[in-house]
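Here's the letter readout for the chains.
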Amino acid sequence: MTTATRQRRARKYYTLLKAVVYRDLLVWVRYPVNAALGLFMGVFFFGLMFYGGTLVAGQAISDTIEGLIVGYFLWTLSIGAYSGITNDVRSEASWGTLERHYTTPFGFGPVILAKGLAIVFRTFLTSSVVLALMLLMTGTSLDLNFLTVVPVASLAIASALGLGLAMGGLGVLYKRIGNVVNLLQFAFIGLISAPVFDLWWAKFLPLAQGSAMLQEAMTEGVRLWEFEPAALAILVGTAALYLGVGYAVFGLTTRRARKLGVLGDY
Amino acid sequence: MLDETQDAESDRESAGDGDSPATGATDSTTPTPANSTATTKSASEDFDEAALSVQGLSKTFGSGEDAVTAVDDISFSVAPGEVIGLLGPNGAGKTTTIKSILGLILPDEGEVNVRGIDVYDRPRQAYEHVDAMLEGARNDYWRLTVRENLRYFAAVRGQDPDALADRHDELLDALDLAEKADTAVRDLSRGMKQKVSLASVLAGSVSVAFLDEPTLGLDVESSLTLRRELVRLAEERGLTLVISSHDMEVVEDVCDRVVIMSEGRIVADDTVENLLAGFETQGYRITARNLDEAALADLHERFDLSAVDRTGGRTRFEVAADTAAFYRLTDALERHGVELDGVDTVQPDLAEAFVEMTAAGGGRVAEAGPELQGGESR
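One line per chain: the protein sequences are A and B, in this order.
Using the numbering used here, read the first sequence as starting at 1 and increasing by one per residue.
Using the numbering used here, read the second sequence as starting at 1 and increasing by one per residue.
Hints are computed from structural coordinates only; laboratory data are not their basis.
In this text, a Cβ means the ideal position worked out from N, Cα and C, and glycines have one as well.
Wrong hints could be hidden among the right ones.
If the Cβ cut is set under 7 Å, some of the chain A residues that face chain B in the computed set are [claimed, not checked]:
#: 1; residue: Leu16
#: 2; residue: Ala19
#: 3; residue: Thr104
#: 4; residue: Pro105
#: 5; residue: Gly107
#: 6; residue: Arg258
#: 7; residue: Gly261
Simulated DEER-style distance windows between Cβ atoms [unchecked claim]:
#: 8; chain 1: B; residue 1: Gly238; chain 2: A; residue 2: Tyr14; range: 28 to 36 Å
#: 9; chain 1: A; residue 1: Leu133; chain 2: B; residue 2: Ala67; range: 57 to 65 Å
#: 10; chain 1: B; residue 1: Ser205; chain 2: A; residue 2: Leu125; range: 28 to 36 Å
#: 11; chain 1: B; residue 1: Glu170; chain 2: A; residue 2: Phe121; range: 31 to 39 Å
#: 12; chain 1: A; residue 1: Arg6; chain 2: B; residue 2: Glu170; range: 28 to 36 Å
#: 13; chain 1: A; residue 1: Asn179; chain 2: B; residue 2: Arg237; range: 45 to 53 Å
#: 14; chain 1: A; residue 1: Tyr31; chain 2: B; residue 2: Glu235; range: 40 to 48 Å
Next up, chain B with everything else stripped away, as it sits in the complex (with noise of 0.2 Å):
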């Protein structure tokens, strides 16, 4: 019998050991907007209340020449029941971050509580309260029915699978997987599958779970399931959920609040609005007449035009311009005998937030000013 000393076996690697130079990989002088002192002292007030916290993680894998650091000292934290959207692009660090989190890959650096429970002190305590969906659909035994499946991950995690089962039962009725309960899983199709798997996730009664990519591979019709059964879940239930995924309309529909990564860096923190906010009124869809090549050369001179389309006697292009730099744009556009069909202002969505926020390491966002930068952690 394991008794409570036990349980308290230490994960944690002492900087700059062996074959992982991370420590000194760090470097205190880069400026790293979203850990900012700002965020740093968000996180840390947020500490004791926290479903999850992450403090100053880092990870880099491989040593001297070869070394990639692929998270560098990251710091954020997630209330109990908020949805969290994690984003980056391929290799940014959100796989490695996550698997920092559940222990699954040792970090050179950093604290992760669970619900003010040390990951890496306590993993054992800390893991009854997390879950996670790291391999999509196949997180699951196939070879087993899909009950059979929530029942087993229940049971290992040393639930009475008999008594969960009204929940298992509600669980397949959420996701519209009650009518395959007694399907093997290799016989369902891969959205299907994906379900199953985030199905076993939440069949053990956790309260924090990470999900990654819980929509590749969906159709739209399960897809929208999914979302609507995850919103269902954070709200009814508290759910707590860090969602790491390339489909932005899943984030802006589900996550309260996105956390974007680029090389191993939080370059942003903030809720959707707050992100989609610094980039509205940035630019402009202009339709116009009568604009000839001498005016045309003239404006992309002077203005930074895009998406330039010219059918017959038209002509629409974008151009990102401040308040200002509009007026001049327009009264060019007088000056030129242009007669305008239409302005509007050109929609921000997430996904153009995020390549903006993510290209050459997030520079935009160090532009863009500290409302970018979040550190909001509800």
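One chain only, chain A, in its complex shape (with noise of 0.2 Å):
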């Protein structure tokens, strides 16, 4: 492939992500009700935990609070990412433009992808809003170094996008899973707090390492380039693995879905 197509190539897919993340920024805030509620429960529900926590726990809650918010930012980050997926691709499917992106020079895989990043992108504004408020309702202040969080959080999450990929695509074939996919929400409080120090293999399940990652960069301060390789390995892995999971299940079910005629049904 000669130097000019790579280019002309990369600039479509630029295309793509720019019109993708642009479309997915436009429909959230023409969704204002939900937007602002969606930011709104998501500071309230912290707020519960910390007043609520403090009056029953007192110390015990404030002591920990730095522990507590990073895992919240990071749940938040891990739900939007989830259920934002999962969410598209059935919105896309009754709205009627799912197909619409199969038949795509792209292809279905690289637009979907380009959704999950534009979701991911998002999920990070919001999230970010989130946190600002949690840490001026707690009083408290964290290490936010750019170049270690965005990384860190980002390849915590793809695990997560990951799932909510397989989900989408068993949404598109089974339809009406949405019970299992909010179940599966709760379980990343447990993944988030999964004792990775205790229990070798926890690092591997999904969002685990990165969560105790990203702990110690905003609670400590250590910097990405501070890691343990071996560390951020089990990290990058673990978001390929899931990533790479969720997609091919993605295109196992969209394949299923487009032998049983079903792709765009809902």
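Mind docking these for me? Both chains are given alone in their own frames, and the hints should help you get the complex.
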């Protein structure tokens, strides 16, 4: 492939990504009540935990507040990525636009991945607002090194995105799987708080390694380049594994849906 | 970065695979007029230069006793700039055909080429030339404005929407959408939404477009505007259109050729004129005086009378008859002392032809002979 061809192709992918991100943000702001409620509920539940916990446990909550904030931040990020892509696929099917994305010159996979990136980008924006409000509410400060937090959090939620892709694919095939999709969100709490230092295998679970590293980065000020190479490798490896598996499941389920003729049905 | 080899993903299903016994379900001994040798040969001959060619496409859903053959070994081709109408009653297999052509449904058998590119072997290259309006007014994002939809759907085809701004303005003008360009689609009427869907399909500079019921829900004026625009796009831009519709006026106005499906098979494939020619002079509308009950009963017995209306001293009726039968009828009327007030040839329209052709799986076509089976692929 010539350089010119590569550049032309890169431009096309950039055009795709830009359009998908822009559309995602536009649709988000054009459901303003939903967008505002999402932010409000994110802060509201944290407020319930924080003030309720302070009343009941007093100092114990204050001592662990940093960890709680980081965990909650990652949870909102992962929920946003996971349910964002799952709901997006289901919404596209109900809107009648899913099949149009299938018949693009990029293929379905790259378009869906672009959507995933758009959702991650938007989720970072909204979760950052929630994070800022949590810090204000609790009077806490965290180390927010951009070059560390963004890559670690992104790699952490890549596994959630993979799970979302898999569930989105299953949704295309089986349609009404909303209950399972919603239940899995609560499993994320367990994954984020998984004892990766006590159970060696726990760090290979989705979100777990990223959560531990994000805690270190945001509460202890550890920089990206200061992490153990093995820890970084596990973070990258689990991100690639779960995203890859989710993408493969999405591919298989949509192929099955095409065979059954139910790709665009809702 | 994806390379060319990755693009060449093969989607073809193997015959008899999995839960679909489609291959076995296709009975090669069953007479399928439009899949006659003439048709297949014609499609093959045009294979290389066709904008779209379909060969031996079959799809069966389910298995065992529940198996339903939605598309049964169909073949046709469409020339660049040609507009074809895909007609058929509900359940005839039109949508399955279109979705199979696009790869949205995996067929059990068959080959589809868009501008010479195999859709199942090289879908991404093929999709550079194709877009489809499959869900009518549901084809767009209703929270986005009209223009935003056009820009988005151009961009997801890898085309820079800024570079296409003039083309989008032209499209909006042509479809009377310019004033609504910055209005959210959800605030538009159903007819306007339908037009936005069409505009967004054409926004990405495709050369082949599939339109499923493009005029559904449009008022008369909007329908006319859209028809004019479709004809213009085909003539001026060489856009190839495959239109699935129940609106016979649209098909007669816009389409160069009609492919009629029934029970998953093509029962006719020809120009509108040729299809109608097969039904011409087959019937007469007769107005007569002094036709009494006895004479009418006699005529009923001997001829295929219909639409009999007796008002005052006049009787109107239609009779299906070839030339010889018509002369026998006039002789009979004379013998009964009936005065003829008028004799008109019943001009068939496409709707009547369609109903006859799709009745009983297209048996009428088999009677009509090869001229209706068409196979003409321009």
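Quiz item: When the hints from earlier in the document are held up against this structure, which numbers fail?
Solution: none
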